[in-house]
Every structure is written in C-alpha cells, then in structure tokens.
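From first to last, the protein sequence lines are chains G and B. Residue numbering for the first sequence follows the numbering used here, starting at 12 and increasing by one per position. Residue numbering for the second sequence follows the numbering used here, starting at 12 and increasing by one per position.
Treat the hints with caution; some may be incorrect.
Copies of the same chain are indistinguishable here, so a pair counts whether it falls within one copy or spans any two.
Straight-line C-alpha distance at most 25 Å; calculated SDA-like pairs for lysine to any residue [stated by the list, open to error]: (1) LYS392 x ARG614; (2) LYS41 x LYS152; (3) LYS471 x VAL131; (4) LYS594 x ASN25; (5) LYS329 x ASN25; (6) LYS594 x VAL615.
No wet-lab data here; the hints were simulated from the structure. Quick caveat, the model's predicted, so the values are computed rather than measured.
There are 2 protein chains.
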Amino acid sequence: MKIALAQQNYHIGNFEANTRKIIDAIRQAKQAGADLVVFSELSVCGYPPRDFLEFEDFIAQCYASVDRIREEADTIGVIVGSPARHTAPLGKDLFNAAWLLYEKEIKGVAYKTCLPTYDVFDEYRYFEPGYEWNVIPFKGKKIALTICEDIWNLGDNPLYRVCPMDQLIGQTPDLMINISASPFDYDHDADRKEVVRQNVLKYKLPMYYCNAVGSQTEIVFDGGSVVYDAKGRLIKELKYFEEDLEVVDLPVPVPPLYEEILPGFSIPIHTKEAGEELVTPTAKTPGMVETAASASAPEAPALPGEPAAFDREMRVSKLKDPGKIIEYLTNTENIHQIHQALILGIRDYFSKMGFSKAILGSSGGIDSAVTLALACEALGKDNVRAILLPSPYSTSHSVSDAEQLSRTLGNPYDIIPIREVYEALLHTLEPVFKGAAFGLAEENLQSRTRGNILMGIANKFGYILLNTSNKSELSTGYGTLYGDMAGGLSVLGDVYKMQVYALARYINRDGEIIPANILDKAPSAELRPDQKDSDSLPEYDVLDKVLYQYIERRQGPREIIALGIDEALVKRVLRLVNTNEYKRNQFCPIIRVSSKAFGVGRRVPIVGKYLS
Amino acid sequence: MKIALAQQNYHIGNFEANTRKIIDAIRQAKQAGADLVVFSELSVCGYPPRDFLEFEDFIAQCYASVDRIREEADTIGVIVGSPARHTAPLGKDLFNAAWLLYEKEIKGVAYKTCLPTYDVFDEYRYFEPGYEWNVIPFKGKKIALTICEDIWNLGDNPLYRVCPMDQLIGQTPDLMINISASPFDYDHDADRKEVVRQNVLKYKLPMYYCNAVGSQTEIVFDGGSVVYDAKGRLIKELKYFEEDLEVVDLPVPVPPLYEEILPGFSIPIHTKEAGEELVTPTAKTPGMVETAASASAPEAPALPGEPAAFDREMRVSKLKDPGKIIEYLTNTENIHQIHQALILGIRDYFSKMGFSKAILGSSGGIDSAVTLALACEALGKDNVRAILLPSPYSTSHSVSDAEQLSRTLGNPYDIIPIREVYEALLHTLEPVFKGAAFGLAEENLQSRTRGNILMGIANKFGYILLNTSNKSELSTGYGTLYGDMAGGLSVLGDVYKMQVYALARYINRDGEIIPANILDKAPSAELRPDQKDSDSLPEYDVLDKVLYQYIERRQGPREIIALGIDEALVKRVLRLVNTNEYKRNQFCPIIRVSSKAFGVGRRVPIVGKYLS
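For reference, chain G alone in the conformation it holds in the complex (with noise of 0.2 Å):
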C-alpha cells in the first residue's frame, strides 16, 4: 500500500487557505500513485486553535472543510484532522479526531485519548478523551489509526491511564497511522522518533507518523515526519522546519506478528540514567507516617513518600550532566536547531499577520545583532529597518559597531538619537522630580523614549517592531516595560544570554556577519555612565544555570544550592524571577525553542508571594 505522508504548515482559522493546501497535496498524492494521503493534527483548522473552538460557527466551519476535502477523497483514500461534535449526553462537546475519508465518505474516525494538558497544550480544555477505540478497514487493511500525544503513553506515562494501542491491538491491526501537531524545542528533540520506535518495537506494526510543520504564534512545529516499518527500522524521515510531502510503498506484513508482542513491554525512555538523579527535598512531610493511629482513617492512602518523577510532562532532557549546563545549553546541535526554529518563527509570524517588514532598535549589543542579523535571513536584509537610538550614555562604539553589522548585512538603517526628546521629558518633569538624583526612572525614560520613536516609525510605515530582549534579562525583569520590552514578536526571548553568543558565533560561522566588537565586549544597557550587565546581575554563566535549573527543570531552591551554587545568589535570582512576573505579564509572543518558554507554557500568579 502507497501511503503518502502530507507535512504542511497551516494558518490556524484561515480555512480557505488550509482547505485548498490540503487538497493540493491530495491531487499531488494521486498523481504519485498513493492509495492513501495522511496529513497532520486538527489540519482543517490549524493547531492550536485554542478557544476558537468554543465557537459553534468555528466548528461548522471545520465540518464544511471536511466536507470540501471528501469530495477530492474519491479513489484516494485521506486522512485529515478536525474537532468532531461529541453527542453523547455526559462529556465534554467536541473530540479532536482524525477522519478517514474514502470514496466520498467518511469511512472512519479516531479520537484522540490522551489530552496533553500541560506546557503549552489545553487541550482537556476543550475535548473529551477518546473512550472507544476501533481499527478502519482501508482497501484490505485495518488500520490502527492515532492522534499525537495518543502514542506517547505505553503503558508507563503517569499522565494518563488509558493506552491506546493497547486498546487496538487486540483488533489485530495491519498498520499504525499517527497524525501530530508536535512541537519543537532544542530539549528533546529526540524523544519524538524514539517515541515512533518504541511503539513499533512494542506492536510489532509499522507507523506512518505525519507531523505538522510551521509556527503559530509562538509555538514551532519542526515537521520531521517519519515511517518505520515493522522491525523498527526508520525507513522514510521527511524535511524538517519545511513543508514536505513523501510517499512511502511499505509491504505490509501479513499476518503481522502479534505473537512477537511482549506483554506488559515496557520502554525504558523514562528511566532516570546515572548522573541524572535530581536531588530529593528533605523537608519534613506531613501526617500519615508519623501518626500511626492515621492509619485507621477509612480512605487515606499513603499520602507523603517519594516526590513524584520531576519532569511531569515525560519529555526527557538531553541534559545528562547537570555540571555541563552551559557546554549544554550552546552546543552546537541545540544552537543550530534553535537557528532554524527562530528563522521559521520570525517568517511566519509575518506572513500570517499578513506582514513583511520589521523594524528593531539597534544598540551595538549582542542581542540586537543577533536579532537583525537573523530578521534579515527570515525576511530579507532589504525588509528590515535597523534604527540606531544613540542616549547621552551611548558609548561612541556602540554606533559605530551597529552601523558596521548593517553595513555588512546590507539592511537599511538610521541613526535617530534620544537627546532631545530625553531632554524635554526631563524638563517637563523637573516640576515633579524636583532635582531628585538620577535613578532608574531617568534610565527608563529613556529605553521608553525609544520605545516610542520605534513604534512611532512602525506605525507611520507598517512595520512590525522586532523585540531583542533575551530570556535571561526577561527571567530577572532587567529590561524596561514599554522600552526595550516593546515589540510584537520576541526573538530571543526564549534564548538564554549565553546562548545568544553561541548563536552569534554560529552566525559568524562562514565569515564575520555580527562584529568581533559587539562578541567581545561587556555587556551593557548604556542608560548611565559606565554601566554594566554584572553591575545588577551575577554574571550570565552562572546566571543562566540558575535560571535554566528553576525555570526547564522546576527544581526549588534546595535542588539549585546542592548544585555548588552560592545561596545568597540562587535565593536572589528566583526572587528575582518570580517578583518580575508582572513585567513579563506584558510581554509580546515569545518564539519557543525551549521545554519551557516564558508565555503560554508557562501560567505564574502574579501577586504570587513564593520565593519572593
């Protein structure tokens, strides 16, 4: 059977452009010979579509999609994603399902079971979880057909108590179809195929698994759809951070061989390896083991004990040594994903809102180098507009090193300084501040000021402000809401300082792009005379281990200290982190490379008193 894996990047709620890209590929799947085409998670409409799909007019639009696509599934068979209407009285009122259509009808559908509900996913939020599950007969075959995070239960995930498959093998299957929306971030990006494997060791089927590709909003989904056939041999593995379609002619062993099935076949992807072991609280748990009479309350399980496996959402970090964070975090296989993701995440931010140019503040940093430099890949150098926003604090090379970067990119750029306006904001309030020294208002009055000379431009000439701030000044609030914190899109946000200069060198790899100067020197925010990054913060080496603990790893103080780091400082740093939690609150969509990503993945109250 010619099954054709369909890796497309959708625009969530744009049906007409959704609905016409898939039926492009069902003509293209036909015309390769295809019996049958796959394409990816809730496809009709994009993931996610969040509380789009509380709308009754949303869902019909998705069911008229569907309807649009049965038509062109007359001798091909397909496969494509939408929300379905739950009838049943009690549940929730949709299910995200997979329907194959064949012969200009729906011939089956699957619903999803397990729900991620973590991170970034809601989707419990919205749907209910499979709760029957049957293979669809397709041309001979029965297929065993699931919806992303349905396969990445086998039994062990503490997340969820049903496993799919496991419900279908017993219908003796022909062949396993998995459709995803499977993000990408630097982490673990290799879990996913072993995930694919593991399943087809366990079931002793081939998968076909169609992943979607494309960036929405903050998330990036990377493609790399893969079949393995039965023996978990990885026979087909499509572009990734690119749309692809592949079609793949599997002989399907018949009978497949259930009897090789191992019962109770457990993976060993979540074992803790050797050096990895986190360090366990010591702190005195309540109740049940000190009292002994406790023990006659009629329902109390045992309630302390072990504190539960640290990473809930079952991903398992590449991190293996926590001694290496930082050789870790900028090696050159993270640095290099990170680069692709960013590039994708900036282009499709643009033109899904219909944009084409950026503007950015450009400081002679390292991270505005890096923003440009990498906006100018995505978008093209001639589409980015650099401004040069020199204060009375500017140092006279942080002009010229910009001036250099651009020159080099060949990007547009102006020089605008802040004097005179910096100036009159000083006179207008010298009948407020009354000759107060100089403090951090006066530095971000001016990071505002810019911050209005920038959107003032984007708004004259329809450009989307590019933000450069990184994840480790947005962790401890070291930027200015509504100044450097302005912008509509975030490129480094979710990219830790240090990570920032493996970035730069990355950039530089073929031939200096970003300026030896602006890798070299301290970083600065030039707001007051001689200023430093290390003058308010420890410095990144340190400081990004500490924040990479708390924030990927959600490890507590405790954890961090026993790492070797200085408690003063680790104490300081997560105060930092958590009473800045209404700067970030402001914050524009970050572009997510990592496990754990400032935004949507990541819901902190912010009048929170813990660690603060």
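Chain G is fixed; fit chain B onto it per the hints.
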C-alpha cells in the same frame, strides 16, 4: 454539632501569612465552642497557585503548613485545602485535596473529582481527578466532603462523567461539607446558592459551604459562604467581598431522610428558558447523515447533530431577553456588585504586591474619572495621584473637568502638558517622517508620551500605574499599546463602556462626585482636532451588544446578525476584536467581573485568521 465556616482572604504562596491566618481562625472557632472549623479550597497556598504547583518545593511547603495547622487541631476538627501527592504509578502526581485534621492527626482526605478546566481554570493541568470516594467519620457523624466544582455536577453536567456525591451517598453520610474557591462574576452570581440548594434537595442533607474571598491578581472571590439545612432552608449566609467567620449549630437529623432521596433526580438549572433559545447555524455539516454507506463504518458514532449546549461551563446567564442586553448589563444589581468587586480587586492587588500608592492619567473623560473614583475609595484619596496630561488637541473642558473631579475627591493631582515632549518627538522623527500627513502614528506618539511620563513618575516615587481602558475599547483595539494601554492593573478592562456610564451614575448616587459634564460629553480620545470615538467605532449601545454576544456568549456572526443587528457592522466589529488580539496579549491583568474577561480566561491565537 457546631461547625465554623472561616471565609478568608489568602495570598498565593505566602505560606507564613496564610498559616497564621488559619491558625488565628482555629483559635477563634475553638473559643466559640465549635467542634469543627472549615476553610476554603487550597487554603494553605491560596487559589489559584497555577504553575507553582509544578515545584516540588512548593508542595513541600504546603505539606509543612498542613503539619503546622495539624498541631492546632487538637480538640477541634479542622478542614483545610491543600495539594496532596498522588503516589499511584498512573495518573498525575497531585490531587486537589481537603484534609480533616483532628487530635493532631490527619483523620481523612477527600480529593476533588470534577476539575474545572475552562475559562480561568486549569485544574486538569495539575491534578488527577479523585477516583475513590469515602465519607469521613468525625465525632460520631459521617461527613461527605467535596471540593468546589464537585457539587456542580448533579449528574447532568456534560463536562463530567462522575458525580462525587452520588458516590458518597451510599455510605449514608450525615452532612455535606464543600470547600470552594468559586469566583465572582455578575453574569451568574445566583447560580452558586442555587447549586448548593439543589444538592441539599437532592441528597436531603445539610450542607456547609465555605468559599474563599479576596482578589488574586485578576480573579475576584466574593465569599458568600452558606449553610443550608436538610430541608433546603438557608440557615446562614456569610458576608460578600469580605472576610467572615460564623459558627452554626445545626441539629443533624439522625438518621437522615435517605428514603426521601429521589433516584435519578435532576435539577432544572441547565434547561433553556423560553426566549433564551440560541440561533443554531444551518451550515451543512459533513458526512454521516447524508451518506448512508458510511453507516457501515464499524466505529462511526452519529457525528453531526444538534450543536452542543452553548454555555460550556454550565453556568446560566441571568440575561433572559437577548433584546435587552444593555438594560441587563447596566442594571443596578449588576453595577452594585461590579463596584464592590472592583474596589476589592484594586485593594488586594496593591496590598498583595506590597504597594500602597496609585497613579493614573486623568483625561477628563468618563473612564479615567470612574477609575479615579474607585481607586480613591479602594486606597484612600491621599494614595491616588492623578496626572492631567493635556496635549495640543485637548479641549479646555478636559482639564477643568478633571480638576473639578480631583477637587471633589480630594486626591492630589498635577497638570503636566505633553506638548514639549510631543514636539521634540516630531522634530526628532522629521528626518524619517519627512513631512508625511498627520495620522495614527502622531496620535500614538501623544498617547505613548503620556505613558512615558506616567511611568516615569511611577518609577520615581513607587506608584503603580492604574490603567483606565474599558472593555469596549480593548475589544476593538481602540487604544495605543504602551500609551493609554500602559499600566500595572486594569480597573475597567472587563467593564463595557455602557457599564462605565452606569458605574459613574452609581458613584454619584448620593451626590455628584463625577462632574455631570464628564457624563454628558461625547467620548473622545482628543488626539486630533474634533475627534470623537464615534468616528471610528459604532455607537456604544450597539457595539456593547455585539461584543457581549460575541465575547461572553461565544455567538458567531450568524447568531448576532439574527438579533437584528446590521450585518456589515457585526462583521466589522468581530474583525476588530480578532485582529487586535496582539494588543490585548500585552495588556496588564484585568479585574474580572464578567463571565468572560480578557486575560487568562480567554485564549485566542494571535496569528489566527478566523473572522478576520
């Protein structure tokens, strides 16, 4: 049995303060001779703790708090809410739990079964639903202990498949206790008492219902804890929007009237009333119905059919006549409640953030006038500084109206003209703007200059900037990012313009505080000569109607047009709402008073192309 309800205002993650508060109430209840004192949901850590729950350190601190409280639970029983570890191999690693402490021991635990995962709620992100139900013996009685949403399923709530009280009733409990963190909104405030009463009527048992009070960033909990006797009579109702503690001595009927419990009893709360019927889309839905052949697909359920019930959260809007939306939105009962919620929301935001002083831009318009009056009531007039920021396009009455308002309120104010800064900006941008005609960019420059000045003063003297935008302008994007959209807290962001007027009239109920001229004049941003809101937007009485139907009721264009509103206007408004998601995404927290506020409870894709 004497049972105390302790309705308290917690601070999320502030274990020290919360534990102290709980222990104080335990001592108070003991002095009043109570056998048992009941606290609200997740009382030890505050609700909602959000992603703090992902930190093992945070859970350990919850356990440590329960331990401290347990020491106080000697001769008095204590029911507190806390996360509890789930140690079974499958299922998420936490429960949302209610613990009964007595004789310094844990006597029993109940786990929340119905986990709200909609609107502002994310409980399935963190918790495993309870799957075992047992009454808890206490002083010879059996307590059926449930948590918040658990009692919102009486067997007919389609969001859930399990009804915890149905599970417990077979163990012949003597009384029901429910601990809640049930937030306020004006759209269905009466539901809560009705749900408690319906539980009592169904199970023929008294219910002690303890709710939280206080505002947590954007979510306002309004208290109103209640006790009903087994006959469905309201015995005690605690205060609204305030802390309270009451002891109720209710004779428990022994044995309770189990024989009277009707099997299959179903409350009428979810049935639609006449006139409330929603227009259902007539768009053809795909597949199954039309194609008889598809019936042979082995697993196919009836896919299409009637759209699911509209109000996904099973709350019932008080609006009965869709022809009278504006009357409903502005009725005195709603406005009175909104007023209380906003006062509490402001007060708690400041106190929990550790701030006492507010600043805001006072334009002479209705929005800033109402915000200022509310802030003075919440924080004290001396703690609220109004800044009048006239631009070259401000009318003279703007300043005089704003001055009159502050003279009446007695709060400090300054007049800081923005002309000098605005002209410096225009001069600075001249080489880039090159004489282009005055437009939106120049309007935004003025607005952002105000933002910069206000934030400058806030940073200099430690104020929090209050935002004055209303829900109508936030919906339509009629505002300037980093300009009038700046601020740390939005007071009116969940209040439609027509409701802002009603709030102003309410504030003036005992005498003119807000000058009549502010109420009477046509709304204007005053950013160019003779500007009026109505140049850009529909009249507010029409606009607010469309917005309410779209945002609160999630109706699509078809249903809204069917109410008799012009099609082009409806489509234009919905397009404005959806294309301005990028602006709201960077907006500050909004005190939530409606059933659907912008912010954490409404999650819409930014790059989406739906209705736009």
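Sort out which numbered hints this structure fails and list those numbers smallest first. Numbers 1, 3, 5 - these are the hints that the structure violates, sorted from lowest upward.
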